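Undergrad: Chain by chain, the residues run as shown.
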Amino acid sequence: MTTAALVHVVVSGLATGSIYALMALSLVIIYNATRTLNFAQGEMLMVSTFVAWAAQRALGLPLPVTLVVAVAAAGLMGWLVERVVIRRAIGATHWDVLIITLGLSLMLRAGAGIAWTHDEFPFPSFFGTRPLALGPVRLAPVSLGIIAASLGLMAMLYALFTWTRLGRAMRAVAQNQRAARLMGISVERVYSRAWMLAAMVGAVAGVLVAPVVFLSSKMGLIVINGFTAAVIGGFGSMPGAVAGGMLLGVVENLAPLYLPSGIRYSVPFLVLTAILLVRPAGLLGRVEQRKV
Amino acid sequence: MTVRRALLPGALLVLLAVWPWVAPRYFVFLASVVLVNAIVALGLNLLSGYTNQLSFGHAGFFAIGAYTAAVLTLRAPGVPVLVTLAVAGALTALVGLAFGVPCLRLGGLYLTMATLAFGFVIAEILLNLDTLTNGADGLRVPPARLGALAFATDTSRYYLTAAVATVLVAAAVNLVGTRTGRAFLAIRESEIAAQASGVPVAAYKTLAFGLSAFYTGVAGGLFAFVVGFLSPDAFDVFLSVDFVVMIIVGGLGSVPGSILGATIVTVLHDGLAAFQNYRPLIFGAILIACMLFMPGGVTAAWSRVARR
Numbered sequence: 001m002t003t004a005a006l007v008h009v010v011v012s013g014l015a016t017g018s019i020y021a022l023m024a025l026s027l028v029i030i031y032n033a034t035r036t037l038n039f040a041q042g043e044m045l046m047v048s049t050f051v052a053w054a055a056q057r058a059l060g061l062p063l064p065v066t067l068v069v070a071v072a073a074a075g076l077m078g079w080l081v082e083r084v085v086i087r088r089a090i091g092a093t094h095w096d097v098l099i100i101t102l103g104l105s106l107m108l109r110a111g112a113g114i115a116w117t118h119d120e121f122p123f124p125s126f127f128g129t130r131p132l133a134l135g136p137v138r139l140a141p142v143s144l145g146i147i148a149a150s151l152g153l154m155a156m157l158y159a160l161f162t163w164t165r166l167g168r169a170m171r172a173v174a175q176n177q178r179a180a181r182l183m184g185i186s187v188e189r190v191y192s193r194a195w196m197l198a199a200m201v202g203a204v205a206g207v208l209v210a211p212v213v214f215l216s217s218k219m220g221l222i223v224i225n226g227f228t229a230a231v232i233g234g235f236g237s238m239p240g241a242v243a244g245g246m247l248l249g250v251v252e253n254l255a256p257l258y259l260p261s262g263i264r265y266s267v268p269f270l271v272l273t274a275i276l277l278v279r280p281a282g283l284l285g286r287v288e289q290r291k292v
Numbered sequence: 293m294t295v296r297r298a299l300l301p302g303a304l305l306v307l308l309a310v311w312p313w314v315a316p317r318y319f320v321f322l323a324s325v326v327l328v329n330a331i332v333a334l335g336l337n338l339l340s341g342y343t344n345q346l347s348f349g350h351a352g353f354f355a356i357g358a359y360t361a362a363v364l365t366l367r368a369p370g371v372p373v374l375v376t377l378a379v380a381g382a383l384t385a386l387v388g389l390a391f392g393v394p395c396l397r398l399g400g401l402y403l404t405m406a407t408l409a410f411g412f413v414i415a416e417i418l419l420n421l422d423t424l425t426n427g428a429d430g431l432r433v434p435p436a437r438l439g440a441l442a443f444a445t446d447t448s449r450y451y452l453t454a455a456v457a458t459v460l461v462a463a464a465v466n467l468v469g470t471r472t473g474r475a476f477l478a479i480r481e482s483e484i485a486a487q488a489s490g491v492p493v494a495a496y497k498t499l500a501f502g503l504s505a506f507y508t509g510v511a512g513g514l515f516a517f518v519v520g521f522l523s524p525d526a527f528d529v530f531l532s533v534d535f536v537v538m539i540i541v542g543g544l545g546s547v548p549g550s551i552l553g554a555t556i557v558t559v560l561h562d563g564l565a566a567f568q569n570y571r572p573l574i575f576g577a578i579l580i581a582c583m584l585f586m587p588g589g590v591t592a593a594w595s596r597v598a599r600r
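Heads up: the protein sequence lines correspond to chains A and B, in order.
With this note's numbering applied, the first sequence covers 1 to 292.
With this note's numbering applied, the second sequence covers 293 to 600.
Just so you know, the hints here were simulated from the structure itself, not pulled from any lab data.
Heads up, some of the hints might be wrong.
Stated by the list, open to error - If you want the ones that stay clear, here's a sample from chain B, every Cβ over 10 Å from chain A, calculated:
{"no.": "1", "residue": "Gly-370"}
{"no.": "2", "residue": "Gly-400"}
{"no.": "3", "residue": "Val-559"}
{"no.": "4", "residue": "Pro-572"}
{"no.": "5", "residue": "Gly-588"}
What the hints assert, rightly or not - Cβ-to-Cβ under 10 Å is the rule here; a few derived chain B residues that face chain A:
{"no.": "6", "residue": "Val-306"}
{"no.": "7", "residue": "Ser-340"}
{"no.": "8", "residue": "Cys-395"}
{"no.": "9", "residue": "Gly-399"}
{"no.": "10", "residue": "Tyr-402"}
{"no.": "11", "residue": "Thr-404"}
{"no.": "12", "residue": "Ala-409"}
{"no.": "13", "residue": "Leu-544"}
{"no.": "14", "residue": "Ile-574"}
{"no.": "15", "residue": "Phe-575"}
{"no.": "16", "residue": "Ala-577"}
{"no.": "17", "residue": "Ala-581"}
{"no.": "18", "residue": "Met-583"}
Predicted model only: the values in this text are computed from it and were never measured.
Quick reminder that beta carbons are idealized off the backbone N, C-alpha and C, glycines included.
Please model the complete structure; the sequences and the hints are all you need to start from.
TA: Below, the structure is given as structure tokens:
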């Protein structure tokens, strides 16, 4: 295989990986704030993308406005879900909350199927289809666009978590909820904002990936890849989520080239298992010290 | 006191025995599925409820048991069903032990992920071992045999399942009184305290994996005979998730909880089938309501009511 073709595969792997990374980040945002694994994250992505698509078709919106609609719908949905369901379960064990988010994901997928059928729909893309030629290397604009947009969003998240009051409050709650509350941080507000923020990050990922994989009610299954990415990176670590996502995307795209088709779909999981054997808390995670 | 304690299990046993006489044929089949799921839930609960290792890969163990039983019956038709089930359980237990050792290092979500990955890989292997499993086309399972007896009707399969389930439930109930059971309880309460009291935590956690896999493998074998047809896509991640739902809705670390949870989830899935597209919507809403109003599952809610 030529180097040029290899570069092409790696770049499209990084594009897939960017989506996984965004998915992993949204899982980690909620996990850090609330110690909950949100099973419904993929379905929230799917529903907000569907809402944007429906609005775009009904009103003939330009694409950037569609993105705004998706993000706004996601924010509203995140707020609603946290307010109506999750907050009632504060104090429940995380197994209980896990089942609640599972119930949510079933409901959202069924709801989307009822509203928009379970068919696949094409979704308009921000990016052209003419490949860019860089010397012998040909790159798809979609891949480059997804990577650039994701990196931009990650930079925004970094800024939010580093320099804003909300970001500091979220980090404080992630470190020690009780201490954060004693410092006057409203933990409930952080919960609510975390759900909104995660849903919004997911919505961006949804609008970016929908043109590539088609819009369908099954799109939510991407949450499994996001979860895998977050675990590879070390659950709870945001740089880890990005690294895990990218690694997973590249491995997934390279594997079919070198390995028989029979084990293609197992490769991400074999990689994951191998990494966990060496580093039980992921690439960048720390093994939690347990105290009595 | 002992009479009163024996009342409920006794009544259940009687119900189990007369069920095919009072229920329509379809409900006999459904009851077999409930019992199969109850065995899995019990096995999963041994692992998750007692040693805190939540597995999202039990569909994988279930599939190993089912395919072992099916392939064994196809290749060696003379083997009695109890031997077949024991082999299915033992082989699955071996896989469980082998998988449990590396999992010792993993905690919480990392273990969840590793088990999830295990489930995916097993489904993939089944799809590709098509000389044994017939791949995506699926495998027709001949009726189980015990000497001259063939389990060819729903009722006979039901009794086979019920008998095996009763033995396994009794074993699980009695386990709590043994050294192993006490070790599991100690680990459930506090891993560190158990370790400090001289319980070899690592050995027992691995044992829990093996035991859980054994239960699930036997259940898988029964499942193969009860439904009579296996295909790899029946053992997907959603099945693993269903098993987890059973034990959390029923109650973690509780034998009656496992049985209740398996019954609730199986019957709900079946009863809501008529609603077609609305089924997951209703099922999801019930799950949410269940966890909001009965935190800790049905058994926890029951004991709160009983204490009042």
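Undergrad: Evaluate each hint against the coordinates.
TA: Status of each hint after checking the structure:
1. Even its closest Cβ contact with chain A, about 33 Å, leaves Gly-370 (chain B) beyond 10 Å, as expected for a residue assigned away from the interface.
2. The claim that Gly-400 (chain B) lies off the interface is violated: its Cβ sits roughly 8 Å from the closest Cβ of chain A, which falls inside the 10 Å cut-off.
3. Look at Val-559 (chain B): its CB is around 17 Å from the nearest CB on chain A, clear of 10 Å, so calling it non-interface holds up.
4. Distance to chain A contradicts Pro-572 (chain B) as a non-interface residue, since its nearest Cβ pair spans about 4 Å, not more than 10 Å.
5. Distance check on Gly-588 (chain B): its Cβ comes as close as 7 Å (rounded) to a Cβ of chain A, failing to clear the 10 Å threshold; non-interface status is violated.
6. Hint status for Val-306 (chain B): violated, given a least beta-carbon distance of 33 Å to chain A, over 10 Å.
7. With 10 Å as the threshold, the beta carbon of Ser-340 (chain B) comes within range of chain A, its nearest partner Cβ sitting at about 9 Å, so the hint holds.
8. Taking 10 Å as the C-beta cut-off, the interface hint given for Cys-395 (chain B) holds, the closest approach to chain A being about 9 Å.
9. Because the beta carbon of Gly-399 (chain B) sits about 7 Å from the nearest beta carbon in chain A, less than 10 Å, this interface hint is met.
10. Hint status for Tyr-402 (chain B) relative to chain A: holds, with the closest Cβ pair at about 6 Å, below 10 Å.
11. Hint status for Thr-404 (chain B) relative to chain A: holds, with the closest Cβ pair at about 8 Å, below 10 Å.
12. A cut of 10 Å between beta carbons decides the hint on Ala-409 (chain B): the least distance to chain A is about 4 Å, and the hint holds.
13. Hint status for Leu-544 (chain B): holds, given a least beta-carbon distance of 7 Å to chain A, under 10 Å.
14. The beta carbon of Ile-574 (chain B) is positioned within 10 Å of a beta carbon in chain A (closest approach about 8 Å), and the interface hint is therefore held.
15. Satisfaction of the interface hint for Phe-575 (chain B) is found here, the shortest Cβ-Cβ separation to chain A being roughly 6 Å, below the 10 Å cut-off.
16. Checking Ala-577 (chain B) against chain A by beta carbon gives a least distance of about 6 Å; that is within 10 Å, so the hint holds.
17. At about 8 Å, the closest approach between the beta carbon of Ala-581 (chain B) and any beta carbon in chain A falls short of 10 Å, and the interface hint on this residue holds.
18. For Met-583 (chain B), the suggested interface contact is upheld, since its CB lies about 5 Å from the closest CB of chain A, less than 10 Å.
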